[in-house]
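Chains as they are written, first to last, in numbering that gives the first Met the number 0: chain A, 0 to 413; chain B, 0 to 473; chain C, 0 to 361.
These are calculated hints, taken from the structure and not from any lab test. Bear in mind that the values here come from a model prediction, so they are computed numbers and not experimental data. Glycine included, each C-beta is placed from N, C-alpha and C at the ideal position. Mixed in with the good hints there might be a few duds.
Simulated restraints on C-beta separations [as the list claims (entries may be wrong)]: (1) C:92 - A:94: 51 to 57 Å; (2) C:213 - B:206: 30 to 36 Å; (3) C:72 - A:36: 57 to 63 Å; (4) B:10 - C:3: 54 to 60 Å.
Partial pick of chain A residues on the chain C-facing surface, computed with a CB cut under 7 Å [claimed, not checked]: (5) 133; (6) 177; (7) 184; (8) 185; (9) 189; (10) 190; (11) 378; (12) 379.
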Amino acid sequence: MKHYFKQIIKTPMLILFIIMVCIFSFPALSQVAEINQYAIVTALGIDTIDEGVNKYEISFLTFIPIAQQGFAERYKVVTAKGRNVSEALDFAGIQLGRQVGLSHLKMVVLNQELLNNDITVFLDYLIRNEGLNSTVKLVATNKSAQDFLKSAQKLDSDSSIKVSELVSFNDDYIYATDSSLESFYKGTLGPTKVSMIAFLPTEEQSQSTAAGSKDGENGESQGSGSGGSSENVTEDIKNNGDTVVFKNGKAVLYLNGLDMKKINLACGGFNTGSLEIRNVTDNQFENANLTFEIFNQQHLLQVAYQNGIPVISINVKLTLRLSEVENEGKIFQENIEFFDLSEETEKNIKKKIKKVLSQGIEIMKENQVDIADFYTFLNNHDYIKFHKFLNSLQNPDDYINHLIFKTSVFVNFG
Amino acid sequence: MEVSKKIEQIKNSLHNSIDVASRIITKNGVVIGFIYLKSITDVLTFSQTLYEPISEFKGNIDFDIITDLVRGNDVKVCKDNEETKNILNGGVLIILSNSDKILSVDNLKYNSRTPSEPPTSPVILGPREGFTEDYKTNMTLLRRHFHSEDLVFQDVIVGKSTKTQIVVCYLDGIADKKIVKQVISKLKAIDIDGIVDSYYIVSLLSNRPNSFLKQIGQSEKPDVISAKMLEGRVAIIVDNSPIVLTVPFVFLEDLQNSNDYYTNYTYSTLLRIIRLIAIFMAVLGQGIYIALQLFHYNILPIKYLITIADSTQQIPFTPFIEILFISLLFQILYEVSLRLPSYLGLATSVVGALILGDTGVKAGLLSPPTVIVVAIAKIAIYVIPEQSSQITLLQYIFIIIGASLGILGIIGAAIYFLSYANTIENFGAPYLAPFSPFIFSDNKDGILKVPIDSMTYPPKSFKSIKRKRIDEGN
Amino acid sequence: MKVIDRSITAWQTGIILFIILFANKILILPSLLYDGAKIESFFIPIILFCFDFALLFLFYKIKNKFPNQSFEDIINQYCARWVRILVYLAFAIFFFGKTILLYNVTYIFSKNMIYKDSGNFIILFAILPVINHLAICGLRVLGRTAQLFFPVIVGITLFSIIVGIMGFNSVPLFFQVNASQFFLTFFKHISPFGDTIILFLFMDKIKIDKGQWKVVFSLFGLACFLVVTIIIVFLISYTYTSFMHPFALFELMSYVKEYEGLGRIDLISMVIIIIFTYFHLTIYLKAFMASFHGIFNKLDWIYSILTFNLLFLVIVNFFVMNLEIAIFVGENILPFITIFPFIILPFIIAIIFYKHKRRRIS
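Next comes chain A alone, as it looks inside the complex (with noise of 0.2 Å):
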């Protein structure tokens, strides 16, 4: 024994570790999950109210543990006030006796009225928490966001859509860019200050559809987790793809889907979507309208200097399936696969395309946003000159309105 007690005594390291492992292992015994102590929220919510000192009021989705074994999600929204959204977030804890825990959020919700302000004044307190995921959907809605956060609530409950599904979505397939509070972020701080956010609004519903919908189970998550309210009206998310540009941070125009088409067709870099052509008139059909299924879009960018003037030749090539034909009165009788149309009709519809790529630079120039980010491309491809073209602007901010375009489309149907 004592010969094995020397031999422990050599290796005092071990001693040291099991005396840590006592101090650190005996508060361990009585230390409660992580999970106990902490309010899970999935989403969070920003809308703006005038009482007195506090300007804010924090909604967020919080995950409600219920000893079960059924694994159901069941989520309750909390609402809290505070002079800015650290304090309100603070009261929000307070009132549910727990750390509000933002590790696992994944959407942030912003009422339309915050929107012509600086949004990255309340913003702030989010983008430095370092627990906060990079990937985290920021979007902005026309009403309030707690009424948002509920309708989301029961949008998970009705079926399994979840609202950062929704938004992942039009990431993909309908704006040209990321709506995270990431690349807001990296918008506003970039050189061309711009940024875009999703836009889901939400329209009201009359009682009977909502009710329809809802089982027992959730009927009474719904009752205790809307903290006692019991309207009568409910609202529906709608997505429509709308999205929200901003500029220096605040918000200067609210684009629709078709809109985003157009300057996604001038961005480039999106690769699938649809493309309708109004009014062809062919061999075979009259005042048609054709839909294109976008298969794949090169985009090539080009600039040349004139009088110190960058002019970009934007050169679109786009490969197309025809996917409907709306021809009135006559039944379109060919397969579409092996179906030619008349180099005549190309022409026209490459046009048509050319028109659409200029309409979407025209809202870009109109509204003074880069959301190409022309900037970057112009800056990397000749400094000297770009600056030199800047400084002689009056208004270097207003630098889109000034380069000149020119657009060239190749089409080759699929």
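Let chain A serve as the given structure and place chains B and C on it in line with the hints.
Quick look at chains B and C alone, frame taken from chain A:
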């Protein structure tokens, strides 16, 4: 020599034990005495091969004639003071009144088990023979693998009371002479009252006897021992133990299984990777789970977090106590199922675990995720049954570290134990070779296994005589 | 208690070199670099790695000239006693300073990412016993254990880089920095470099055969390549928000939406950051021990360990528990200390070479 006096003297030296038998006959005036131990000699053989030929012989008896008459297979003249030793080894001593020499005839016989498939290492394909408690049978089993003059057996007797026969076996021209010498000198230096099982000499052979890590290889199968001897290892057979030891030992040996060599090498590779994953799950699984629960909930994906949060809500225990409790419960069930008779053992292990686990969960005492994590960890131990004691110990250490220091502590402890294992070198073999230090050629039979014709040279993790095992492209 | 440093192989030397080149540059450095020199800042580590390469080449030369001697013996042979003491004192200060800096960054990382509510002592006590144990076990055990983790480290790093590349969604803006800004940033962030001089401290323990040098050089190259790649990938991934993300390798993994279903895969990079910290702190501790032994070469090893722990506990507890102080010290004080590895040490070695040549001629 006065026969009766000598017999009495020998009996006294054996403390008049009741199994000492003696017989005195007189033939043509010559007194012939037989003395032996009834318990370890074959009485029938005695009468047929010794007693009958001598008693029926008609002529003058002297020592040379007796030597010719005896039909035994191992007949030798007993050296001075070795009478008792010969008797104890199963010999029959023949003492003549007209000679000073004593004849010893080997007549050893006792009941021993026939070689059968060892319960600890069954195989699907491959030899099913296992060692027995009789060292001679074990030597026979090894001889059957090597019809070669290179197989050498050397004996050492250890234990003041037990005088246990220990046989050191190696292949001359393959095993490193220094290692053989070292093993023999270490065995000779052992000063102990008795060796009951081969495990007694395990810690006496190890360089770091106080370490909890296993440092000597063990196997119950002649094919495994033969394969290890072919790689240049030295085997140690201990009488009365079916477990044969091998040195030098590296951790990798336990990751390898005899099954690996009797199936396709790609499948063996897959199995080894799975075994490695299982070790990780067994050692770290519970520790990481408790660390995540107590310190790092934010790392878990939301879906998993919800499942855990829901199922741990009404549990009366804190997570640490809960996991310790379930872990202990499983350990108790394991111990019980091991000790109980097989029909009862089966009932306790399966039914006990099911009923206790399920009832515990339904009663709201235990949470399902914890039961699953503990069960996986406990089952995963037995992918390497040879290391089960070490892994079990580490499991508890990691649970405590995970609960007290979190993930940082777990990684720290993993580094601590791995570096600790790296300090161990037995007979010149680094414990974690061929991974650290990294030996490229030995990794052909490490986590990955290549076909046998690519393993040209014996392992370099420990010393052995350099040679080619196979010509490449054979 | 005895500390016996046994010899290490070329691979183990290379891996130790890999760890010290890699570990203190993958957390806060890329973010600070962007803050100072924008996107072009990735040139800074490339230039500084060239300095480190020069030190490695110097080591190669001196090792070939004096294959079995320790650096202490060489200095004793060619320089006065006070030079030896001063050089080793500089070694000790250099490595101790960097230990504190590294610990501090890791501490902040752990506090923010791993232990939100737990006490500060948990981090300290999870780290100290392990690094002390590794240091006591000796250089060979350290080398072997590092070798065991090496495939994991490289594998996960490559995985992080690939994941990071998947997160690219913006084009970086070049030409935003002028020469003075660039060089100021260069000087401010010189202190994480110059660790290669650690090899001089263990010169006699390193056994490298003639053909094995390529292993050391390639591992050096791999470390430089990975660090520069991580910095570039990080800067391109985050561009204008880089300055907000202080834990580069960790952040690379957390910005990829493709992996949302798997939960937070940044856990994987967290694990290797922790592994790196353990090894890197141990290597620094070993370096401190060797330097201490160079100053007081009659004292037992135990005193060097005790001194380190005492100093470490005092400084860590009283001075550095926030990132601002650490960054201030790292940017304004430590750059001056790097004069030692990049100027003074090469100068001394040049003198040694000169004297050696003269002695041989005479």
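Status of each hint after checking the structure:
1. In this structure, residue 92 of chain C and residue 94 of chain A meet the distance hint of 51 to 57 Å, their C-beta atoms being roughly 52 Å apart.
2. A hinted range of 30 to 36 Å for the beta carbons of residue 213 of chain C and residue 206 of chain B is consistent with their spacing of about 35 Å.
3. In this structure the hint that residue 72 of chain C and residue 36 of chain A lie 57 to 63 Å apart at CB holds, the actual value being about 58 Å.
4. Between residue 10 of chain B and residue 3 of chain C the beta carbon distance is about 58 Å. The supplied range of 54 to 60 Å therefore holds.
5. Interface hint at residue 133 of chain A: satisfied, since its Cβ lies 4 Å from the closest Cβ of chain C, which is below the 7 Å cut-off.
6. At a threshold of 7 Å, the smallest CB-CB gap from residue 177 of chain A to chain C is about 6 Å, leaving the interface hint in force.
7. With a cut of 7 Å, the hint placing residue 184 of chain A at the interface with chain C holds, because the nearest CB-to-CB distance is about 5 Å.
8. Hint status for residue 185 of chain A relative to chain C: holds, with the closest Cβ pair at about 5 Å, below 7 Å.
9. This hint holds: residue 189 of chain A has a C-beta 5 Å from the nearest C-beta of chain C, less than the 7 Å allowed.
10. Because the closest C-beta pair between residue 190 of chain A and chain C is about 6 Å apart, less than 7 Å, the hint holds.
11. With a cut of 7 Å, the hint placing residue 378 of chain A at the interface with chain C holds, because the nearest CB-to-CB distance is about 6 Å.
12. Among the interface hints, the one on residue 379 of chain A holds; its C-beta lies about 5 Å from the nearest C-beta in chain C, closer than the 7 Å criterion.
Hint compliance for this structure: every hint is met.
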